[in-house]
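Peer 1: Chains A and B, in that order, are what the protein sequence lines are.
Quick note on this note's numbering: the first sequence kicks off at 886 and runs consecutively.
Quick note on this note's numbering: the second sequence kicks off at 6 and runs consecutively.
Read the hints as simulated data drawn from the structure, not as lab findings.
From a predicted model like this one, the values you see are computed outputs, not experimental measurements.
Beta carbons: idealized from backbone N, C-alpha and C, even for Gly.
Treat each hint with caution, since some may be false.
Residues from chain B shown here face chain A by an in silico Cβ test under 8 Å; the list is partial [as the list claims (entries may be wrong)]:
no. : residue
1   : 52
2   : 80
3   : 84
4   : 133
5   : 328
6   : 420
7   : 421
Dumping the calculated DSBU-like pairs for lysine-lysine here, alpha-carbon to alpha-carbon at most 30 Å [what the hints assert, rightly or not]:
no. : chain 1 : residue 1 : chain 2 : residue 2
8   : B       : 79        : A       : 1309
9   : A       : 1440      : B       : 202
10  : A       : 1309      : B       : 458
11  : B       : 167       : A       : 1476
12  : B       : 298       : A       : 1441
13  : B       : 103       : A       : 1179
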Amino acid sequence: MDNKNVFVAGNYDVIVVGAGHAGVEAALAAARIGCNTLLTTLSMDNIAMMPCNPSVGGPAKGHLVRELDALGGEMGVNADKTCIQFRMLNTGKGPAVHALRAQADKKLYQFTMKETCENTENLDVKQLLIDKLLVEDGKVTGVQSETGEIYQAKAVIMATGTYLKGRIIIGEHTYEGGPAGQRAAVKFSDSIKEAGVKLMRFKTGTPARVDARTLDYSKMEIQPGDTACRNFSFMSDEVTREQIPCYLTYTNEETHKILRDNMERAPMANGIIEGIGPRYCPSIETKILRFPDKERHQLFLEPEGRHTNEVYVQGMSTSMPMDVQLEFLRTIPGLENAKVMRAGYAIEYDCIDPTQLKPTLEFKNIQGFFSAGQANGTSGYEEAAAQGIIAGINAAMFIKGEEPLILKRSEAYIGVLIDDLVTKGTNEPYRIMTSRAEYRLLLRQDNADQRLTPLGRRVGLVKDDRWARFTAKQTAIKEALAFLENNSINPTQEITDKLTGAGIDPIRNATSFYDLLRRPAVDYDKLAGLFDLPELAPEVKQQVEITITYEGYIKKQLEQVERMEKLEEKLLPENLNYDDVPSLRDEGREKLKAIRPRSVGQASRISGVSPADISVLLIWLEQQQRLKAGEGKADV
Amino acid sequence: MQGDTISAIATAQGEGGIGIIRLSGGEALTVADKMFRPASGKSILDYPSHRAVYGTVVDEEGRTVDEAMAIIMKAPHSYTREDVVELQCHGGVMPLRKTLALTYAYGARPAEGGEFTKRAFLNGRLDLSQAQAVMDIITAKTDRSLKMATGHLTGQFSAQIKEWRHEILGQIAHLEAAIDFPEDEVDDVVTEEVSDKVSEVRQNIAKFLKTAGTGRILREGLMTAIVGKPNVGKSSLLNALLQEERAIVTDIPGTTRDSIEEYANVGGVPLRIIDTAGIRATEDVVERIGVEKARQMVNEAALVLALFDGSRPLDKEDEEILELLQGREAIVLLNKSDLAPVVTAAMLQNKTKTAVLEISTKEQHGLDALTAAIQDKVYGGQVMTDEGSFVSDERQANILRQADSHLAAALNTIEAGMGLDFISIDLRSAWEKLGEITGETVGEDIIDEIFSKFCIGK
């Protein structure tokens, strides 16, 4: 490229294109690890914007937030500072699926994150529309903005969300744009296509926002937050927080009739929408078509913040024309006089086929080019942020020449998410779910720190304060478990009376406290009330109880993991030519060539690669190893 | 380090009736110890490596299954460099089958195609020059056993498994939807209902397993053609073979349009007899069977039973059929030994270069010899050198038992009042196990089911 007449405006280690939830985590991670980083955004006013629902967390999503916090990410901390309602979901369904969900004050969330980014060392934040990715000899060299200047970089992370060739659709009306009145980025996708990136086109949507003053909450069910104060971050010590409620109401036959009568005006019916939408986030018109027998659909009215009257109508995502939106909303109890402040819309956008990425989130064919977030075909703030932090870490590892961070499926939901994306790809915007994780019992939100903080420390993202807190907690857990194992009680009359008095079956032999805690009817506080046990912090007590109560189940999963681990540890050379491996079946060979898995474990999860192909790969690897070791020569 | 313990029928060495079961892995000796009683009264664990021990294989109740020799080869001095025990069973097909089932029951898992060889290579037992051969073996054997395991299930059996899987999947989807979408309108999971459904599936599996021993599960069978000119006695032979058990009749897609296959259990060898409809139809009507048709059948078959009429001179048709038998695994039968002979066994033998059996389908004479000949062919290693269908049968039965134990665990979990999460984990294990039988892979099924059943979304 001829750079003579081009203004080089900056030179960075890492440039992040886009400052949504993926972008900010990527930029913060890279900068905090010590890379000189530039974060670019279309609008300085919309960093970490939440264009869809005002909430963070939920099953699997909340797990992601805990995990990225454990690694040293920002989303959990930021949510704790700015959310206006917290609920722990699934409390009756087993400890692994307990999930924290919070309602965010959107603007506060954004501005707090913006403040963090602006004040992070090594990090520049700039309002720029990036038009071009600069690549030389298969290596990234930087980006060029719409105004023509160049920013050089050793690594570029695209975190472009739904902005690439974004198109907004409301009824028959469409226009080029990003979400919530933002600009679209129309040139960047052509530029990466030129560099050899394969694109897909996805679609998603959002409901209308209504004016709180026009709602009649007395006709709805109130849904308050938990009384106990919860936090996402292992670093947050918040103990009180004012909670703002949400409200629940339902559609009815009248609502459905209006939608049915206007169905030919729905953009998804009339062919205006071409992109593929997510199944778990259907528009209300889709719900009515797919479940015609359902008499009512629920909707939550969620405040968008403390300083606005905008209320998010969760469950009513739509791209119907404005008149239809208004008409059907007003059939809903409590919304009879609702005024719409923003219309619901659908958005179509370019994203990449994520099977082009390595598990590090770097493109296989462009060195130093990473991608994270909705641009990788996912959906959701949490999924985006989780990829962002990994892309940021790995861009930094790439620059420092250190080992990348690849989380295993048995280690983190983040690992499940990324492995699914890069191994299987996705044909709809991908949402994380607990049912996607095969080792769910191990991936609890309560032990995310135990699983990931040491890894965050290794890459340099976990600073001393977090590390000190973490190690203190782990030590306390270890000591508590040891105490419970090493101290027991005898079946004396006194003990028997004590136990039966507390509704616990008496013991027959000397029994450790550890074994007593295994019993379903016994918890730590109960025992501590009867015997002299050390006082434990709540989070330590929780770990102790879960470890003991579910030991059998956890052990079973650990055994499964161990079996799989052997294959995960067998790495396949990056430049492996699968045509050189004899005896592979044609289908397996083609799939292996397309995905280029990092390990035999990953290879085994590619559809179309058979157990026989895996055996062949193992034999081949062994053969290569022996050849290298010189056995080949000895044979001759 | 040793792998998990695998077992399989090792290739028989040509002597009919002897079968070798090979165990390899960390638990090979302990598995063998549970089912083998040395005549010396000692335990097999007391013997040193490379010793042949005479004794009996006993079942769970301590009843003798077979006389056998156990050969102990301790790691690393074995083919796989793991602990290996080979059980040489003498009692024929049924005891061999029972012995294999016992290895599974005591914790061995069925070996994958070529797995012994794979271990031998990975553990350094085979040298580099053999790598290519090992890879070829694995590909070939795995493909074949996959085909055998999934391609030859009867419609009935796989439909049954699919139905159970569907039942279980419905429960899983409900549990998972409740877990993943707690704020959506998913009906509360009533654990009693889950419990009822699971118990129902368990009862059905139990019923099925009761008949597993008779080879009802997997009707893969040896593809067998009965050929011969009209009126030679094909229909009578078919009836004689089928008399033991009127097996399931199925239409197998992909074969001749009107062809029907039937299964016969001949001395423990399941035969899948091709085009029984054709045999029945042509037998009564005097018309040419058409050598073309016979050729087609012979091409499809792994075993050919060729019938010739001993009471009439060989004609052109007979000669053509004899020609078809060239290079095929065939048993030549000289029928109508009850009538005055015109063609002798010696004359036929001269032409075919194979032993000829004299039978009378009318008098039911010579059928024992035919049974023995079929067993010889199969277990003498002349046809189907790797796994006999009964191995697949036992494999399926073993998977069913494992699936059932996961379902039992789910019931316990419900009983113990554990969270929904734990119930789902057990059900998933059962569902995945059953999928191993039908060859259905774990894909997006659970998620697809959730979205098709429940209206979910923000």
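Peer 1: Compare the structure with the hints numbered earlier in the document and write down the numbers of the violated ones, lowest to highest.
Peer 2: Hint check: 1, 2, 3, 5, 6, 8, 12, 13 fail, others pass.
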